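Put together the whole structure using the sequences plus the hints.
Top line first, the protein sequences correspond to chains A and B.
In this text, residue positions in the first sequence follow this note's numbering: the first is 3, and each later residue adds one.
In this text, residue positions in the second sequence follow this note's numbering: the first is -5, and each later residue adds one.
Think of the hints as simulated: they come from the structure by calculation, not from any bench.
Nothing here was measured: the structure is a model prediction, and the numbers come from that model.
Just to be clear, a hint being listed does not mean it is correct.
The list that follows gives simulated cross-link-like pairs (lysine-lysine, DSSO-like), each with its CA atoms no further than 30 Å apart [what the hints assert, rightly or not]:
1. B:K931 x B:K23
2. B:K839 x B:K231
3. B:K38 x B:K613
4. B:K88 x B:K231
5. B:K231 x B:K358
6. A:K186 x A:K94
7. B:K820 x A:K94
8. A:K186 x B:K587
9. B:K587 x A:K126
10. B:K231 x B:K38
11. B:K587 x B:K423
12. A:K240 x A:K438
13. B:K21 x B:K272
14. B:K931 x B:K231
15. A:K270 x B:K239
16. B:K272 x A:K94
17. B:K931 x B:K239
18. B:K820 x A:K438
19. B:K120 x B:K23
20. B:K231 x B:K820
21. A:K438 x B:K272
Covered stretches of chain B, going by a simulated chain A footprint (3 or more residues, C-beta under 8 Å) [to be verified]:
22. 572 to 584
23. 644 to 651
24. 699 to 710
25. 751 to 764
26. 920 to 926
For every residue, glycine included, the Cβ atom is placed at its ideal position computed from N, Cα and C.
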Amino acid sequence: MKKLALLTGLFALLSLGACIKELDIEPVQSLDATLALESASDIESALVGAYGIMHQGSLYGTNLNLVSELLGSEDYCQWRGTFQSYRQIMNKTITIDNAEASRTWVDAYRAINVANSVLDNLNKVEDAALRAEFEAEARFIRGILYFELVRLYAQPWDADGQNNGPGVPLSLRAASNEEGASVKGARNTISEVYAQVISDLTAAETGLPESRSGTSRFRATNYTAKAFLARVFMQQSKYSEALTKADEVIGSGNYTLNAAIAATFSNKFTAETIFELYNNDQNNAGTANDGLTTFYASLPGIGRSDVRVLAAFTSQYEANDERSSQLIYIGTGRRPGSRQTGKWTDFAQNIPVIRLTEMHLVRAECNFRLGTAVGTEPLADVNAVRKRARASELSSLTLDAIIAERNFELCFEGSRIHDLKRLKRSTGTFPYNDPKLVLPIPEREIRANSALVQNEGY
Amino acid sequence: MKQTLLLLCILCATSSLIAQSYNVTGKVKDDNGEPLPGVTVVVKNTIKGTTTGSDGTYFLEVPGSDAILICSYTGFAQVETPVNGQRTVDITMKESGSVLGEIVVVGYGTSYRQDLTGSISTLNAKEFELQPVQTFENALQGRAAGVFINSGSGKLGQGLNIRVRGISSVSAGNQPLFVIDGIPVISESIGTSTEPDNPLATIAPEDIESIDILKDAAAAAIYGARASNGVVLVTTKSGRAGRTKVSLGYYGGVSSPTRKREWLNAAEYRELFDYAAKNSDFGELSGAEEFGFETGTDDWNSNNDTNWADEAFQNGGVQNVNLNISGGDARTSFLISGTWNDQTGILVGNALNRLGGRLNLEHKISNRLKIGTNLNLTKSLNQRVPSDNAFTNPLQLNALPPIQPKIDPNTGELNQNTLYYNNLIDLEKGFNDATTYRSISNVYGQWDITDKLYFRTEYGIDWLNLQEDQFNGRETLDGAPTGVSYSNQVTTINQNVNSYFNYSKQFSRNFDLTGTLGMQYQSGERTATSATGAGFPNDRFTKIASAAKILGASSTETAYAFTSYFARVNTKLFDRFLVGLSGRLDGSSRFGKDQRFGFFPAGSVGYILSNESFLQDNKVVNFLKIRASYGRTGNAEIGNFASRTLWGANFVGDLSGIVPTQLGINTLTWENTDQLDIGLDIGLFNDRVSATLDYFSKKTNDLLLNLPLPATNGFTIITKNLGSLTNNGWEATLTTQNFVGDFRWSTTFNISGYRNEVTNLNGSTIDGGSRQLGRVSEGEPFGYFYGPKYAGVNPDNGNAQYYDINGNVYDQEDFFEIPDAERNQKIGDPNPDFFGGMNNRFSYKGLTLDVQLQYVYGNDLYNIAGFFQSVNGDYFDNQSRDQLNYWREPGQVTNIPEPRLYSGNGAIKSSRWVQDGSYLRVRATTLSYAFPKAISKRAKMDNLSVYLSGQNLFTFTKYEGYDPEVNATYISSVNLGHDFYTPPQARIFTVGFNATF
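As structure tokens, this is what we get:
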């Protein structure tokens, strides 16, 4: 009896021993890193994943638009929401723990690391053509993000200077373990970062496909790379290079202006956009505390009117200009009665990042500055943009008129502060190169990386 | 496994032969001759024991006619009675303040308090049965030394903060391990809200027999890798042999907030904002005009005077019915209980009701073999209120301007054109229900192999299904424009097997030994499925079946497992020296593959000086024991897959890609806490005075920390076992029987304190966020407040002023010019200097008055909402009334800067809103009357008592917010003692009765 009982007990204990094997439990919602990138389709998934990061509110989903607009908000727009982070940006009283400065930095490098992971794993792609295309796409992603970083976190490019000031750290290898993720990169110079941007985008330009179709239209083509190169060259005041790229994009014939400008923002992947974020009801930058629509809109149940547009800006439009009559409205939702931009009114809408009109205006400005007429006369480019907006066509042109046209056309799309900086124009009392117009290197980053130097003024 | 076998063989070899069985029966009574049910009767130096039935009767098979019976019962002195060859042994027990003879539940067994070498606090049902608590953790508040409990807010069903002996972890959680009838249960929040729900709220306090809290390593190390935060062992009631007893209890009551705050009325509001607008940095503005801009209304010129803050509250109430039937015979005992509890919160829209049943059954197949089961099923429905941080949190109504009407005169409906969302619309046009079904049940078998050795095996399951249903109608903030419905189903299943031997033998008069050897396996699994839909025909359709558009849907799954072996040996030498050793080997799927098993040993010694001859007959000291323990425990709440480097999905429109989601290392593992405990238990004047003192020193190493990485490589953190911290503290409990006899007065007082210091964070700091002050940094206590120090107002110009770290005072705009590092400093500490409680119980005949006080001293609180509500009219939020004392003219000395609309004068986070959070609270007061037996008998009842009770009747504090017992939980756990529109506690009055038939 006693022995039987003991044996039973012992058996029960031993049978539990089998449970040790049960300690090997694999996650079901994630893949171990060693298994994640094994085939061409895995590599493509990683590329899509990188775009996914760029779609977030920290990057093109909100901040690469809104931060630029609020840095140059004087006589233009006003932040009146409760988020201190944006209020600081508007007031140029940014602290080093500013949440926007931090999340934009972090997510840009997250996406860059995914791009680097693709580049480091290209050997998993057997098809050479596909391999080249993926390489180009990864370099596109890396290139545009370094461009966004350097123009937000470093002093503006000085066309006449050495540009030896601190840019941002260039990280060109993927980190997949603790050692790689702990590398303390110092800030490369502004010129080194721009060189990398141009190198990446130039490589992308040659390797990317001519066009994309269906739901892949959010992915870059060689014209997307060219359009970004045009932006980069404009930022560097390299007008002839910018002119070439803009002209190539327009000349491709791949893009045409929509009949009505409002259609560009209310439809997905229209003929006019060169780079566009792809959203739907579930996947977008946010419907409550993030996202362009959340901050810019004031419609019943949509948006918070955190940003209102100032009369000082809207009053400059001609009465018939559809960019005012169709795209500026008086809010009827939260904080009703203020002027709002009508570009961002639906959480699920796609977000155009580069449109054909910008290329026209780049070509016009470059031709005007260089005294050339590559593609067409500057006036024709400007009037093409105006005509579509039902604004009166101009008969003559000045540089100021071209810049004004840029503001009319591209307002609230994220180019505000970058234009002011490249044009060396002040915003309010802040001169274009005021250190307050440069975001701080995030506090968390300075702490984690002793090799970093903080920006002037922080 | 070899060692296990070896140990087993030793146990077998040493166990004595089964002696001839000998049956004893008898009655246990108190000194008034009243039978005592529930008394534990054990044969000395064996594992054999039973409890007395409802008429005080016991039946016991003893090894021989020379056996000695030990009777133990809380509140009574332990009695040893030799059987002396008799078959009927009646025993009389004397009431006593002493707890030394009580049975204490230790892991996988029990012990007498006098023999403990570890530190364990015990709370018996008797102590809180007349305090109508809504969840059992509330009953612990202020009653157990070293256990700090903060309810966090007055929201029903909300998770509580429970800390045993300080804060032992930075990131792996600080909640103790809860074990109910042997099953480690789910106590962490599983819902989707940013605020934790409380799975323990599904447990009826009436079902609980006792709660034992294992505090030091000697007590807790048997729970190994999960014991660093202490272990709370909950034992449910069980049936007793004897006449079937039916108990019925009822209470009902009303509740209201402990405090409301004062806000500006319409006239004051206009006055303040008129001034603020005129003096704005943006020029001389008009208050009326700006208010019009901001709200799109003409309300500035209306006659409204709305007390918005009051709209957040309602009259709450509670009703509770408990029916408990128990009984049995010598072989089978049972308990059936049912509880219905219905609470309406003090916050509009907040409610919790619970319906639960229990069957505890035990049957003796033979004298040596028994089986049993504890079955329990509960349903609870919690109508939740939104996170503190949501515009829809009713308390945020206090931000609305008094000049705006609640009801829009044009529509007759709730006003939609308020400065911030009028969240009363949410209540009218939506709901937020969390329904929980839960069963914590087990079956067990116990085989008494010999009189000295038994084997017990238990299989338990904790099954929890949470169903969240939220609907926001088309007019609500989150439901516009066509209604939004959210549904979430979470199922959590914990399965647990405990199998162990317990051994007890007296080898000689001078050597007693008890031992435990066993194994535990636990697996936990959680699956969840959720969906969000929009586009409803109208607000009467609320299920996603009627939604035109699915906004989102998801399903998730996660799992973990533990396999553990444990052993414990306790010896008693010469009746005075106690030595205990225990160890547990814990393996878990959560630990990195290179570090899968951990060993957690503990050793302890005790010395009962009062059993020495020199103290044996001492008139003053009747009991004196000193004890010391040292050992190691772990914290395994590190996440299920934290050691892995993982890739997960990331989305673009209708497509999906993959991105790295975390960086891991294979050596990631549990956190280790080494704890020293030195204690003293003393009984004086025949236990009229008894006290327990403990000093502890806990050093936690291998703290799981998110080592910040340069984000430039794509990862911001890597989780590693890096840090260390210490908690040194002391605790004392003093129990006195001030009066005995007809008028009785007893007092229990406890006080505890701890000093927490984070000693190693690998040089980094953890900050609570841009609005919060909490910080973790080396050389400082966890969560200390760090930020700019407010210096009041410059009397010359009305500017807010701040101190730099050198004590220089700057006007705000100049303050921003100095380097960041010189702007921020330590400005508070949310950790209390000491805390505790005091219970006084007065009784005369059947009348009993029980007063439970609770106090916390020396902690700071930070009101984050100060930014908005006490900021001299920086924006149009209604302001607390103290803001009227603002600076108006040069030379004026005040603490409130000049109001300047939109200008941020004094609006940065700072010590301006840090206050002393000390409080003394009359936690529970109960006046009860037990009718004399003669009367209750006439009504065919054994007992009848009625009572009147008040919870949180008075609170004494200097804190100016709603309630000093506050801990906003939507923010990171680094931010202790933060208040952000956090609802206050409820003051509850109840009346009730308990009747036994």
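For each hint, the structure was consulted:
1. B:K931 x B:K23: Since the Cα atoms of K931 of chain B and K23 of chain B sit roughly 19 Å apart, the hinted pair holds (cutoff 30 Å).
2. B:K839 x B:K231: 27 Å, holds
3. B:K38 x B:K613: 27 Å, holds
4. B:K88 x B:K231: At roughly 23 Å apart (the allowed maximum being 30 Å), K231 of chain B and K88 of chain B satisfy the hint.
5. B:K231 x B:K358: Between K231 of chain B and K358 of chain B the Cα gap is close to 18 Å, so the pair holds against 30 Å.
6. A:K186 x A:K94: 29 Å, holds
7. B:K820 x A:K94: Given that 30 Å is the threshold and the Cα spacing comes to 27 Å, the pair holds.
8. A:K186 x B:K587: 28 Å, holds
9. B:K587 x A:K126: Given that 30 Å is the threshold and the Cα spacing comes to 27 Å, the pair holds.
10. B:K231 x B:K38: 24 Å, holds
11. B:K587 x B:K423: 51 Å, violated
12. A:K240 x A:K438: Cα-Cα ~25 Å, so holds.
13. B:K21 x B:K272: 86 Å, violated
14. B:K931 x B:K231: 25 Å, holds
15. A:K270 x B:K239: 73 Å, violated
16. B:K272 x A:K94: 23 Å, holds
17. B:K931 x B:K239: Given pair K931 of chain B, K239 of chain B holds - Cα atoms ~14 Å apart, limit 30 Å.
18. B:K820 x A:K438: 28 Å, holds
19. B:K120 x B:K23: Holds. K120 of chain B to K23 of chain B sits at ~18 Å (cutoff 30 Å).
20. B:K231 x B:K820: 49 Å, violated
21. A:K438 x B:K272: 28 Å, holds
22. 572 to 584: holds (count 3)
23. 644 to 651: holds (count 8)
24. 699 to 710: holds (count 9)
25. 751 to 764: Held - the stretch 751 to 764 of chain B has 4 residues with a Cβ nearer than 8 Å to chain A, which meets the minimum of three.
26. 920 to 926: Answer violated; 0 residues pass the 8 Å Cβ test.
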